[in-house]
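First residue of the sequence shown: 5, per our numbering; consecutive thereafter.
A portion of the hints provided could be inaccurate.
Unchecked claim - With a cut-off of at most 25 Å between alpha-carbon atoms, the simulated DSS-like pairs for lysine-lysine come out as follows: (1) Lys133 with Lys154; (2) Lys133 with Lys121; (3) Lys37 with Lys64; (4) Lys77 with Lys30; (5) Lys154 with Lys45.
For the record, the hints were derived by calculation from the structure and aren't laboratory data.
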Amino acid sequence: MAPGYVEYRCFVGRLAWETDDQSLKKTFSTFGKVLQSQIIKDSKTGQSRGFGFVTFASEKAMREAIEGMDGQKLDGRHITVNQAQSRGNNGGRRAEVGYQCFVGRLAWETDDESLEKAFSPFGRILRTKVITDHNTGESRGFGFVTFASKQDMMAAIEGMNGQKLDGRKITVNEAQSRGNSRGDGGGYGGPSS
Numbered sequence: 005m006a007p008g009y010v011e012y013r014c015f016v017g018r019l020a021w022e023t024d025d026q027s028l029k030k031t032f033s034t035f036g037k038v039l040q041s042q043i044i045k046d047s048k049t050g051q052s053r054g055f056g057f058v059t060f061a062s063e064k065a066m067r068e069a070i071e072g073m074d075g076q077k078l079d080g081r082h083i084t085v086n087q088a089q090s091r092g093n094n095g096g097r098r099a100e101v102g103y104q105c106f107v108g109r110l111a112w113e114t115d116d117e118s119l120e121k122a123f124s125p126f127g128r129i130l131r132t133k134v135i136t137d138h139n140t141g142e143s144r145g146f147g148f149v150t151f152a153s154k155q156d157m158m159a160a161i162e163g164m165n166g167q168k169l170d171g172r173k174i175t176v177n178e179a180q181s182r183g184n185s186r187g188d189g190g191g192y193g194g195p196s197s
């Protein structure tokens, strides 16, 4: 991406399984020129994961699409439409801290790399970490994904909570703030709900 490049990208959630790239593009083209439409698919089955992204040529088209389509029906389902944060365009101030999701009910074989691959469609990831047992090195069945922006984190929570990863239905929530306490065994917080 060239310096100064701005991407006008929407996250589209709660899509019907039959919605494809073409129908997504056709629907959103009524708001302006669509540069790209993409339904995110399961890497193993090729089936839609129920969300996608639409990239517009202008901010005006993107804003009108968000306003016009959020909560509307597409292929029989009420969809959600939000602005997706451009990858790599986070202003740099929160990059060290980030916005963290707690991911629970992970399959034992899920590692940092597969966690990152599953969550990368939602935006710029700063870090992924599957928590392991100190003695055995085996997964404890949960982990964390840290995003550069709150929008990307919220899109990931909406898009991944209840989805299957490595054959297991996972839970995804906003992680609790670490606060100023250093005596909490590493500073990781579970779900905030």
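Evaluated hints:
1. Lys133 with Lys154: holds (18 Å)
2. Lys133 with Lys121: holds (12 Å)
3. Lys37 with Lys64: Holds, at roughly 10 Å.
4. Lys77 with Lys30: holds (14 Å)
5. Lys154 with Lys45: Given pair Lys154, Lys45 holds - Cα atoms ~23 Å apart, limit 25 Å.
The structure agrees with every numbered hint stated previously.
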